[in-house]
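Chemist: Sequence:
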Amino acid sequence: MSKQLIAGVDIGNSSTEVAIVEVCGNEAVFLTQHLVPTTGIKGTVTNIKGIKSCLQLAMSKINRTISEINIVRINDAVPVIGDLAMDVISETIITESSMIGHNPDTPGGEGIGIGQTILIEQLLQHAEENKPYIVVVSKKFDYEWVAYQFNKFERQGIQIKGVIVQKDDGVLIHNRLQMKVPIVDEVAMIDKVPIGKKAAIEVAPPGHVIRMLSNPYGLSTVFDLTPDETKQVAPVAKSLVGNRSAVVIRTPAGQIAERKIESGSVTMVGNRMSVKVDVNDGADEIMGCYKKIGVLNDVQGEQGTNAGAMLNGLRQDLAEVTDQNMHEIRITDLLAVDTKIPSSIRGALAGEITMESGVGLASMVQTKKTSIQTVSSLLEEELGVSVEVGGIEAEMAIAGALTTPGTERPIVILDMGGGSTDAATNDENGMIQTVHLAGAGDMVTLLINTELSLHDLELAEKIKKYPLGKLQSLYHMQLEDGTYLFSEESHPPEAFGKVVIREEKGITPLPIRHSLEKIRTIRREAKRKVFVTNAIRALEQVLPTHNIRHISFVVMLGGSALDFEIPEMINDELSKYGIVAGFANIRGTEGPRNAVATGLVLSTLKRRNDRI
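If you're matching positions, the sequence shown starts at 897 in this note's numbering and goes up one per residue.
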């Protein structure tokens, strides 16, 4: 009887996992498994590199090659992006630039224009050849007259690179121009536009958003900025993300009043109602409104604010990888968390900072336009092995979870990864319900990094994953629980007196002055704010009754279920509702990892048995 090798591949938001099984008749033996970081956004062709690497490493463990695999089964992965934004409630201040970043309904033309701002009446009096201009047109001028003058200027060799118009005349002027230029209209306070300054104007084609002026390095290119100046104008670029048109005008420091980019508001659109809430009101208010709206259909961020920049940037990222219009993409979940954010003190001489109240936002975008079939075809071509797309991801995860000793249907799983927290139920009749929520391990890392002012995500990730200690001498340290650990070998002298991360192999001293107790508190609170909150949200949403007291057992999956604190925190919270919770042990050997990859392989065997 011939033997076959089948590979199950789970493409996740953060990691790609593989399970290899050898099948002979009705018998199946799991040979090996492996895990690598996901390359690119889940469900896109950028995943192929990671899949191939994972398969190669898995097969090398058993001294075999990919060419020996008969079938590769990948999960039906829909592109999902989770993103995070962290903003001080007290707003971002800009002093080096003025800008017009609103979104008029009908800007004219498209492209980028760079030149010196000048009033149209000034241009009539002393226009210079070979000098680029951005022309400012007030409401007292008629569009036909303006277009006539521009065409005349063009014949005279006057370089008009863009137009700023007070009235809603952008398209009317553009349609009459012989030389097409970008036009931003509906600029009500035209008299506030600085004149005689270098300016850049950008209008994106319909259905697209600006690229150059919403990029700090694009602004640096346009205005020939130094690195320090680029840092100063970065908030300008950030606030323009998602706009179809914008103008940025460079002004010497001190010539204009300070302009603030506010944290902004978010409008949550649900099946019951739509609610607008200011980010300044804090996370509790935002999440309170979230509960009122019913099923979330979309979230809109206020234009020209930090919230709007974050949500529009998220849509833009997914639109680019799926070749889809960003306006067709919807925000499917939002998680707000109160936090403390370090802010520089003005006039400080030694880099002093103050901790200000802030809000962290995690959001998730999902598209129905999946490219997984393209991934499958290209992967088959790359590997020279038959590749097929497996079933529904939640169904595969449940199939894998049920290999945990002591589990059976009905079952509720809680899958906690890096980018999202997911839940799924499977009742006695085989009916499956799923939910995907924003906020997981990556958000915890960001909260730790921000509140400890580390400026080092890799170090923040270590603080999240491992317990702490404080080195009292070269031979002993105090642990988090107050006990002491003695060592026969001396610790590095540079770690003496410092709080250290107790990794599996060795210790890492922390370059910060916070006490062990404070670091531990920040770490645990970050985990509680994200994972405990999302566990309750996910379980409430995935149940038809929305009452988690109707659950008896919860099985935790995913990389975050391996954490030394998170499962315990969730178990403590769920025990209040009489729920037994614990992390899975896939196939009795793998712990909470490899559920979907295992389910993909098992579903192939089930299909074969059904045919027989």
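Don't read these hints as lab results, they were simulated from the structure. Treat the hints with care, since some could be wrong.
With a Cα cut of at most 30 Å, we get these calculated DSBU-like pairs of lysine-lysine [to be verified]:
#, residue 1, residue 2
1, Lys945, Lys1057
2, Lys1361, Lys1472
3, Lys1236, Lys1361
4, Lys1036, Lys1088
5, Lys1394, Lys1361
6, Lys1127, Lys1036
7, Lys945, Lys1361
8, Lys1048, Lys1063
9, Lys1127, Lys1188
10, Lys1127, Lys1076
11, Lys1094, Lys1172
12, Lys945, Lys957
13, Lys1187, Lys1127
14, Lys1187, Lys1172
15, Lys1358, Lys945
16, Lys1401, Lys957
17, Lys1057, Lys1088
18, Lys1063, Lys1076
Chemist: Hints first: check each against the structure and report whether it holds.
Modeler: Hint-by-hint comparison with the structure:
Of the pairs offered as hints, the one joining lysine 945 and lysine 1057 is violated, with about 44 Å between alpha carbons and a cut-off of 30 Å exceeded. Straight-line distance between C-alpha atoms of lysine 1361 and lysine 1472 comes to about 26 Å, which keeps the hinted pair within the 30 Å bound. A threshold of 30 Å between alpha carbons decides the hint, and for lysine 1236 with lysine 1361 the separation of about 21 Å falls inside it, so the pair holds. With a C-alpha separation of about 16 Å, the suggested pair lysine 1036 and lysine 1088 falls inside the 30 Å cut-off, and the hint holds.
Under the criterion of a C-alpha separation no larger than 30 Å, the hint pairing lysine 1394 with lysine 1361 is consistent with the structure, at around 19 Å. For the given pair, lysine 1127 sits about 38 Å from lysine 1036 by alpha-carbon distance, which is inconsistent with the 30 Å threshold. For a cut-off of 30 Å, the pair hint linking lysine 945 to lysine 1361 stands: about 27 Å separates their Cα positions. This hinted pair checks out: lysine 1048 and lysine 1063 have alpha carbons roughly 22 Å apart, not beyond 30 Å.
With a C-alpha separation of about 40 Å, the suggested pairing of lysine 1127 with lysine 1188 is violated against the 30 Å cut-off. Between lysine 1127 and lysine 1076, the direct Cα distance comes to roughly 33 Å. Violation of the 30 Å bound is thereby established for this hinted pair. Taken as a hint, the lysine 1094 and lysine 1172 pair is broken in the structure, with Cα atoms around 37 Å apart against an allowance of 30 Å. A hinted pair counts as satisfied when its Cα atoms are at most 30 Å apart, and lysine 945 with lysine 957 qualifies at roughly 19 Å.
Proximity of lysine 1187 to lysine 1127 is assessed by CA-CA distance (about 38 Å); at most 30 Å being required, the pair is judged violated. Of the supplied pair hints, the one linking lysine 1187 and lysine 1172 holds, its CA atoms being roughly 13 Å apart against a limit of 30 Å. A hinted pair counts as satisfied when its Cα atoms are at most 30 Å apart, and lysine 1358 with lysine 945 qualifies at roughly 26 Å. Restraint check for lysine 1401 and lysine 957: the C-alpha separation of about 23 Å stays at or below 30 Å, so the hint holds.
About 20 Å separates the Cα atoms of lysine 1057 and lysine 1088, which keeps this hinted pair within 30 Å; it holds. Between lysine 1063 and lysine 1076 the CA atoms are separated by roughly 19 Å; this keeps the pair inside 30 Å, and the hint holds.
Violated hints for the displayed structure, listed by number in ascending order: 1, 6, 9, 10, 11, 13.
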